[in-house]
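J.: Here are the chains, one letter per residue:
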Amino acid sequence: MNCRSIVKELSNYLDEALDSTLKDSIEKHLEHCDDCRVVVDTTKKTIQIYCNSEPAPLPEDTKLRLREALVKHLRRVRA
Amino acid sequence: MGTRFIIQKTERTVTHRGASLSFLATKRQVVASNQEEFLRRIADRVSCATLSRREILLMSTSKANPLPARPLPSQVVKDDEPILVAAAKAGDISAFETLVGRYERKIFRLAQNITQNKEDAEDVMQEAFLKAYEHLGEFQGNSRFYTWLVRIAVNQALMKLRKRRPNQVSLDEEVDTGEELMPREVEDWGPSPEERYKQAELGGILSGTIAELDPSFRIVFQLRDIEEMSTEETAEALGLSIPAVKSRLLRARLKLRQKLNRYFRRGENS
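Residue numbers (the numbering used here), protein chains in the order written: chain X, 1 to 79; chain E, 1001 to 1270.
Any given hint could be a false lead.
Pulled a few chain X residues facing chain E out of the computed Cβ check, cut under 7 Å [as the list claims (entries may be wrong)]:
(1) N2
(2) S25
(3) V39
(4) T42
(5) Y50
(6) C51
(7) H73
Calculated directly from the structure, the hints in this document are not laboratory data.
What you are looking at is a predicted structure, and each value in this text was computed from that prediction instead of being measured.
C-beta: ideal position from N, C-alpha, C; glycine also.
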């Protein structure tokens, strides 16, 4: 297992979609390769930061227009 | 336990996870009264977030498994989603409005990340919710309601994007960036690098960074890593093969990592 193979399998490794043999060889490589370990850690962190980020509150005018569109639609359905 | 209906002449009961919820009216009456109520509240600009659950939960008959206390908005779990969807399907407008309130921010962010345009994102969000309401009867419950909603929003967003930039957006073509996958900058970020920034500032960094990606990368990343859809769901939603999704996801993750490096590496803004 070399650094290029680690990058190629990076997504599968982070998604835990590898068989145990391949996973073990990646982890063995990570034990002695600081660069790959940093790439794995920072890529994992990238995913976590995006996944955990809260969406910003909707602007009030956007919210109001959404409500108005719903009301209009419901009136049409009811008519 | 799944969601089950017992329809009687004047009563509709939804059973979910041991809790039974009954509507003491016919379906037609529920629709009519809730529409009136909904329109009246909107006219008064009163938030119905606190009223909607009370309206749905007219009667809880299970003593063995009482419903939990209503959580704070930030702690909203998805367990009651099937109940809300079932109620909305039965004609309860306020239940649908609760779903809108719960997901409007996420759908708007999704639309903005795909279209990269505020007006388009607003249109997409409106169209997605209206379409979801219109086709609610077709929702079979094979996936989460939110996943179904995301798929509707993605379709609307892609239509907008293609209309605006017809020659630039093709998701199914093989993307050959000619770039080497091997990371160029390898610097540790240290623990919790995101805590160095205020919430709004971090939001700006994340949206600005994802905007720099090619649409076919950023949409796959959005669905897989932000909306947490599976590879198969993403492939199906975008009409891509599974290897194509995996390849775009890997490139998107590596590119974002590299772009975020300038904000999160050790010593930066610390």
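J.: Indicate, hint by hint, whether the structure satisfies it.
T.: Each hint, compared with the structure:
At about 11 Å, the closest approach between the beta carbon of N2 of chain X and any beta carbon in chain E exceeds 7 Å, and the interface hint on this residue is violated. Here the hint on S25 of chain X is broken, as its CB sits about 18 Å from the closest CB of chain E, past 7 Å. Given hint, V39 of chain X at the interface with chain E, holds; its Cβ is 5 Å from that chain's nearest Cβ, closer than 7 Å. Nearest Cβ of chain E to the Cβ of T42 of chain X: about 5 Å, under the 7 Å cut. The hint holds.
A distance limit of 7 Å between C-beta atoms decides the matter here; for Y50 of chain X the minimum to chain E is near 5 Å, and the interface restraint holds. With a least beta-carbon distance of about 6 Å to chain E, the hint placing C51 of chain X at the interface is held under the 7 Å criterion. The beta carbon of H73 of chain X comes within 5 Å of a beta carbon in chain E, closer than 7 Å, and the hint placing it at the interface holds.
Checked against the numbered hints above, the structure breaks hints 1, 2 and satisfies the rest.
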